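Model the placement of chain X on the given structure of chain V, informed by the hints.
So the chains spell out like this:
Protein chains: 2
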Amino acid sequence: MDDNIILLAHGAGGKKSADLISSLFLRYFGNPILDLLGDSAVLESGGQRLAFTTDSFVVDPLFFPGGDIGKLAVCGAVNDLAAAGARPLALSAAFILEEGLDFETLERVTASMSDAAADVGVSIVAGDTKVVTRGSADRMFITTSGIGLLPDGIELPSPERAAPGDVVILSGTIADHGMAVMACREGIRFSSEIQSDCAPLHGLVAAVLEAAPSVHCLRDPTRGGLAAVLNELAARSGVCIEIEESSMPVSEDVRVACELLGIDPLHVANEGKMIAIVPQGEAEKALGAMRRHPRGSRAAVIGRVQAAPAGRVRLRTVMGSLRILDVPAGDLLPRIC
Amino acid sequence: MDDNIILLAHGAGGKKSADLISSLFLRYFGNPILDLLGDSAVLESGGQRLAFTTDSFVVDPLFFPGGDIGKLAVCGAVNDLAAAGARPLALSAAFILEEGLDFETLERVTASMSDAAADVGVSIVAGDTKVVTRGSADRMFITTSGIGLLPDGIELPSPERAAPGDVVILSGTIADHGMAVMACREGIRFSSEIQSDCAPLHGLVAAVLEAAPSVHCLRDPTRGGLAAVLNELAARSGVCIEIEESSMPVSEDVRVACELLGIDPLHVANEGKMIAIVPQGEAEKALGAMRRHPRGSRAAVIGRVQAAPAGRVRLRTVMGSLRILDVPAGDLLPRIC
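So the protein sequences, as listed, match chains V and X. When you line the first sequence up against the working numbering, it's residues 35 to 371, in that order. When you line the second sequence up against the working numbering, it's residues 35 to 371, in that order.
Just chain V, same shape as in the assembly (with noise of 0.2 Å):
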């Protein structure tokens, strides 16, 4: 019965994510370049690569500690075309409104949407605005598309090219965006209030790829958190990867947070964190290249892509003991992007 139906996990970024991709959307639009299932497409044009991304966001609320849907918005198709190895070249945005929105809402929006494109320098270029009868959307949604430049001549980084011996690094604390929106959704006040870290990672990425050229995978761990994303890399590349619970960067009150609601952070969604796949002896390079920059400095090594079992991804506790990691199978936070 619930298989004849779109239930929340089918939008998770989990497993029901992944079979309604493979089952739907691959079936009915297969084509060379979304087979690929990049954070971006990438197309060749008048011997230029483009990156090409879109992404709705129904994140809510609509505002939170550290962010807002429209910043979400920039950040996140700024991110995708990041994770391609592409310098953003033009936005756009696409409203979805739900008749009485009171109008300052959508102007904070807006604001907040032109603050984080200008800080990337990226226009927003192109744009389309519908407006639903009260009842028929929740406030706001906005869908942003991205057109990236993708450099000449370098191999670029793809989720399948993770191979045995590289090192796997994280540019920073996980969870903290997904526990920010479900404390601020649930009303949960810790010591201290959980910020997003919903943040533009391209200047990031660019610091890496100028110190690592030879990065293998470039991703961000946003629905699904660390633990879809790492999957999702294991499977594409037939490697194993294999981190360590111990190196992982969480905040301390994100941790108490995840511990009290029963959530395992690796499963949770980050709007600011890169993870990047690095061949051995370019890892020091892009760790210190995170590092330098401000939105790496809680940098790691998390782990090590290894040979076999081929697409498992496996967790080495801090007792001690190797368990396999999973993809989260159903949706335990809706609406967080």
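Derived from the structure by calculation, the hints contain no laboratory data. Note that the structure is a prediction, hence the values are computed from the model and not measured. A virtual CB, placed ideally from N, CA and C, is assigned to each residue, including glycine. Treat the hints with care, since some could be wrong.
Counterexamples of contact, computed for chain X against chain V with all Cβ distances above 12 Å [claimed, not checked]: (1) S51; (2) A269; (3) P283; (4) P313; (5) Q314; (6) A344; (7) T351; (8) L356.
With the C-beta cut set under 10 Å, the calculated list includes, among others, these residues of chain V facing chain X [stated by the list, open to error]: (9) S90; (10) F224; (11) S280.
If you want the ones that stay clear, here's a sample from chain X, every Cβ over 12 Å from chain V, calculated [what the hints assert, rightly or not]: (12) P247; (13) E278; (14) L295.
Chain X only, in chain V's frame:
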């Protein structure tokens, strides 16, 4: 009071939409590309000119005679690219789904998008899916974005190029899409079922541009209908556009439906029509090219461009009087696309 909230009219393509764009979006996002407000943005990159467009689709019902939300979403992006004179290069599709949507509906829409994209010869290369809790959206919304390639070395059609003496050509009957959706939604039946004109126009535009390379403006009259689009072109070009009611192609059933519902067909959305404003010397060729194309067989000259009164659209009625044709102020037809 009403000035402080978003109304349906803000998304209707008329005066309120224009106000929202200028008072909010251009104020915060304004840049030389966005400010042109073309159907697509035009970007320069590495010696190439690219067109970039985005639109959200929220049509209700999802399926209507002649189309569905999926076909509409693909044709909408393709036609915005075509109106910029661009050949479609790639599309993206972002879905916002309501929890509980039946899978079969999503599959029908996906199949329809796939068919429409195949018809155009363009691929959907990037996508996204978000699911929101039951009641937070009405079944499904789709946002498509498109990238197109613009030909080298020619001056592109654009909304500010209409000049006195130019001829206004319309590719076929008006108001079919809006009245098909309205009739379907309201359960109104006429002698025969009104079909939406929803169709991709890249081929028709290519044929027109080949026959008449000096075309000054191209525009697809969607939300707000012919009246909104002609007013925009008149304002942007600083000219008067005078059209003849007697020359306006309208199907008999659509005319009757509009009369019954008290709706002016000039205010109703089209999804498979193009307006071309063409220098006198090329008008014959442009009209001929349209008429030879299967989607332009009922193309007609509907008016002329004059110098004054600048920024106005005037309609010469069947009775011979001349009246100002204004932009629709409210929204008679919410969720028409």
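Evaluation of the provided hints:
1. With 12 Å as the threshold on Cβ separation, the claim that S51 (chain X) sits away from chain V is violated: the shortest Cβ distance comes to roughly 7 Å.
2. With a minimum CB-CB distance of about 19 Å to chain V, A269 (chain X) clears the 12 Å threshold, and the non-interface call stands.
3. At the 12 Å boundary, the C-beta of P283 (chain X) stays outside the reach of chain V, the nearest C-beta of that chain being 28 Å off.
4. Interface exclusion of P313 (chain X) from chain V stands, the closest Cβ pair being 28 Å apart, more than 12 Å.
5. Listed as a non-interface residue, Q314 (chain X) keeps its Cβ farther than 12 Å from every Cβ of chain V; the least gap is roughly 32 Å.
6. No Cβ of chain V comes within 12 Å of the Cβ of A344 (chain X); the nearest lies about 27 Å off, and the non-interface call holds.
7. The non-interface label for T351 (chain X) is consistent with chain V: the shortest C-beta to C-beta separation is roughly 32 Å, beyond 12 Å.
8. The non-interface label for L356 (chain X) is consistent with chain V: the shortest C-beta to C-beta separation is roughly 33 Å, beyond 12 Å.
9. Given the 10 Å rule on beta carbons, the hint for S90 (chain V) holds: about 4 Å separates it from the nearest Cβ of chain X.
10. Hint status for F224 (chain V) relative to chain X: violated, with the closest Cβ pair at about 25 Å, above 10 Å.
11. The closest approach between the C-beta of S280 (chain V) and any C-beta of chain X is roughly 34 Å, which is over the 10 Å cut-off, so the hint fails.
12. Every CB of chain V lies more than 12 Å from the CB of P247 (chain X), the least distance being 21 Å, so the non-interface label holds.
13. E278 (chain X), annotated as away from the interface, keeps every beta carbon of chain V farther than 12 Å; the closest lies near 32 Å.
14. The claim that L295 (chain X) is not at the interface with chain V holds, since no C-beta of that chain comes within 12 Å of its own (minimum 18 Å).
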